[in-house]
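Colleague: Sequence:
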Amino acid sequence: MLTIFSAPKTSAESIFNDVPAEHWAYNALASLADEGIIEPDHLGNFYGDKNMTRYDLALMIGSLIKNLYEVDVENPSPYSDVPENHPAHDAVAELTAAGIMGGYDDGTFLGERNVTRYELAQIIDNFLRVTEQISDSDAENPFSDIPDEHWARVAVCDIAAENIMGGYPDGTFRGSKNITRYELALILDKINSRYYS
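Just so you know, we're using my numbering here: the sequence shown kicks off at 16 and counts up by one.
Check the hints yourself; a few may be wrong.
[Unchecked claim] Result set (EDC-like, lysine to aspartate or glutamate): computed pairs, CA atoms no more than 20 Å apart in a straight line:
{"no.": "1", "residue 1": "Lys205", "residue 2": "Asp64"}
{"no.": "2", "residue 1": "Lys81", "residue 2": "Glu147"}
{"no.": "3", "residue 1": "Lys65", "residue 2": "Asp33"}
{"no.": "4", "residue 1": "Lys205", "residue 2": "Glu54"}
{"no.": "5", "residue 1": "Lys65", "residue 2": "Glu147"}
{"no.": "6", "residue 1": "Lys65", "residue 2": "Glu37"}
{"no.": "7", "residue 1": "Lys205", "residue 2": "Glu99"}
{"no.": "8", "residue 1": "Lys81", "residue 2": "Asp105"}
{"no.": "9", "residue 1": "Lys192", "residue 2": "Asp64"}
{"no.": "10", "residue 1": "Lys192", "residue 2": "Glu127"}
{"no.": "11", "residue 1": "Lys81", "residue 2": "Asp64"}
{"no.": "12", "residue 1": "Lys205", "residue 2": "Glu147"}
{"no.": "13", "residue 1": "Lys81", "residue 2": "Glu99"}
{"no.": "14", "residue 1": "Lys81", "residue 2": "Glu54"}
{"no.": "15", "residue 1": "Lys205", "residue 2": "Glu177"}
{"no.": "16", "residue 1": "Lys192", "residue 2": "Glu147"}
{"no.": "17", "residue 1": "Lys205", "residue 2": "Glu37"}
{"no.": "18", "residue 1": "Lys81", "residue 2": "Asp49"}
Please keep in mind that the hints were generated in silico from the structure rather than gathered at the bench. Predicted model, so just to flag it, every value in this text is computed and none were measured.
Turn these sequences into a full structure, and let the hints steer you where they fit.
Modeller: Put into structure tokens, the structure is as follows:
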């Protein structure tokens, strides 16, 4: 259950050591850091070129939600491979309970798996629907490589219509490509700025 509230903003005194001020994602990272949504590791780095894992995604979206909503979740993670002492345990449990992220048929979460563009579009669509930022839509499919019967078509079209994720100059979406940490930061900053600022 999510109840919206205005959380106090935290100020980031410094940005990440491995992100120069001229980097294309710098402003997004600085904004998210100021909001307390992301933070550097113990070395002061962000490692933005690394592929986003399901654990990373859960932590970052979980931080965004906690910054915006009061999260009422008491149950542990339902997944056999997410121990209670794992740093992402609470975020995984919260996102699962809210219907934003899910696991696999064998009861696992597989948190070290990389996140594809298709998967991210679906999770972002789930998040925006759960938080009532978007509702059912009949958005046109602008991408030549997504058939109408594809499992992520509706989510991709929703997110594209909201200008949250886009495609490539050749008209493709390339949904099987992995998402990097930089790319996710840009998307989360766009969502935070557009719907909650």
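Colleague: Could you check the structure against the hints above and give me the numbers of any it violates, in ascending order?
Modeller: Hints 5, 7, 11, 16 are the ones this structure does not satisfy, whereas the remaining hints hold.
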